[in-house]
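> Residues per chain are reported as follows:
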Amino acid sequence: MTTALSTAKVEQGATIFHLAEDHHQEEGSSTLLGFWIYLMSDCLIFAVLFATYGVLGGNFAAGPGPKDLFELPLVALNTSMLLFSSITYGFAMLTMAQGRVAATQIWLAVTGLFGLAFLSIELYEFTHMFHIGATPQRSAFLSSFFTLVGTHGLHVTFGTIWLITLMVQVGRYGLIAANRRRLTCLSMFWHFLDVIWIGVFTFVYLMGMLR
Amino acid sequence: MSSDSHAAPAHGHDGHGESHAAGPSHGTLRSYLVGFVLSVILTAVPFWLVMARPIASNEITAVAIMAFAVVQIVVHMIYFLHMDFHSEGGWTMMALIFTLVIVFIALSGSLWVMYHLDTNMMPGQTMGQAP
Numbered sequence: 001m002t003t004a005l006s007t008a009k010v011e012q013g014a015t016i017f018h019l020a021e022d023h024h025q026e027e028g029s030s031t032l033l034g035f036w037i038y039l040m041s042d043c044l045i046f047a048v049l050f051a052t053y054g055v056l057g058g059n060f061a062a063g064p065g066p067k068d069l070f071e072l073p074l075v076a077l078n079t080s081m082l083l084f085s086s087i088t089y090g091f092a093m094l095t096m097a098q099g100r101v102a103a104t105q106i107w108l109a110v111t112g113l114f115g116l117a118f119l120s121i122e123l124y125e126f127t128h129m130f131h132i133g134a135t136p137q138r139s140a141f142l143s144s145f146f147t148l149v150g151t152h153g154l155h156v157t158f159g160t161i162w163l164i165t166l167m168v169q170v171g172r173y174g175l176i177a178a179n180r181r182r183l184t185c186l187s188m189f190w191h192f193l194d195v196i197w198i199g200v201f202t203f204v205y206l207m208g209m210l211r
Numbered sequence: 001m002s003s004d005s006h007a008a009p010a011h012g013h014d015g016h017g018e019s020h021a022a023g024p025s026h027g028t029l030r031s032y033l034v035g036f037v038l039s040v041i042l043t044a045v046p047f048w049l050v051m052a053r054p055i056a057s058n059e060i061t062a063v064a065i066m067a068f069a070v071v072q073i074v075v076h077m078i079y080f081l082h083m084d085f086h087s088e089g090g091w092t093m094m095a096l097i098f099t100l101v102i103v104f105i106a107l108s109g110s111l112w113v114m115y116h117l118d119t120n121m122m123p124g125q126t127m128g129q130a131p
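So the sequence lines, in the order shown, correspond to chains B and V. Under UniProt numbering, the residue at position 79 of the first sequence is numbered 79, and the numbers go up by one with no gaps. Under UniProt numbering, the residue at position 105 of the second sequence is numbered 105, and the numbers go up by one with no gaps.
Note that these hints are calculated values from the structure, not bench results. Glycine included, each C-beta is placed from N, C-alpha and C at the ideal position. Heads up, some of the hints might be wrong.
Claimed, not checked - Derived, one-sided and incomplete: chain B residues facing chain V with beta-carbon distance under 10 angstroms:
{"id": "1", "residue": "Leu32"}
{"id": "2", "residue": "Leu33"}
{"id": "3", "residue": "Ala76"}
{"id": "4", "residue": "Met167"}
{"id": "5", "residue": "Val168"}
Claimed, not checked - Okay, the calculated bits of chain B under chain V, using three or more residues with CB under 8 angstroms as the criterion:
{"id": "6", "region": "46-52"}
{"id": "7", "region": "114-127"}
{"id": "8", "region": "204-210"}
Build the full structure now, drawing on both the sequences and the hints.
Shown next, in the form of structure tokens:
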């Protein structure tokens, strides 16, 4: 390898052992790919949780089952909240691309409100389930249910905190390149959570009602 | 796509321009709206299938809602996450395909192995198993 390189370069008079033009990496040029790979690893976490739910989802231990616990109208409302937040984040990205700071902030705020609405509905659902004794300790079905749906809820929680942080950043520094990059990362995160939610409402809620 | 048109003035110093083409496209208003309308339809139909039960068979309904979920995930990937074969030199797609293979192995393997474990290795257990 080295001999081939040095013989190739020997006509130019000097032996070069490194790529001379490689160290001009623009700042953040690999952030989006790196963040995408993080999302893929997150996807594997959810895959494992889905597999766990798939295996344990039928073990009710004589406790309450999906038909006793799930209220589909509430889940439909929750789903629409997340779907609306996806399109409003898309609008935030479009206004960001046009460089309109105020409009971007408004769409980010709307997205955050939809995210909070989603979390409120989910917390209401969970407290209702806890109230009638359907806690994670009750059965393997409920343990895996709360782990899967709770992990998604935690992701939305941290996504909302991140969103508020970025709104402060944009408010202070404007739509500079670093903030655009961060907003693009959060955009991928947010839409990714919506993709996971498609799996949750199909696999957990809708299939649960069919069991 | 048209993403380069707005990025170009922001980084005018960039001579070779290759690092821009590597970035994700932000999509257009039209693509977001198309994705949103498709998502609403692909969400509403499976909910309707389960809540109104136009198909009596549990199995056919289950297969149908899974199919809707798969289509909706693809719609989200294309219209919201802007997946294509050329962003980041194709590496996002590579990472996605690799992840999907692992997800498929983990999901199908777990369900398959544990189902057979359940049916073959636990005779006479009264764990309140579903049918």
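> With reference to the structure, classify each hint as holding or not holding.
Cross-check of the supplied hints:
no.	hint	verdict
1	Leu32	holds (6 angstroms)
2	Leu33	holds (5 angstroms)
3	Ala76	holds (5 angstroms)
4	Met167	violated (19 angstroms)
5	Val168	violated (22 angstroms)
6	46-52	holds (count 5)
7	114-127	violated (count 0)
8	204-210	holds (count 4)
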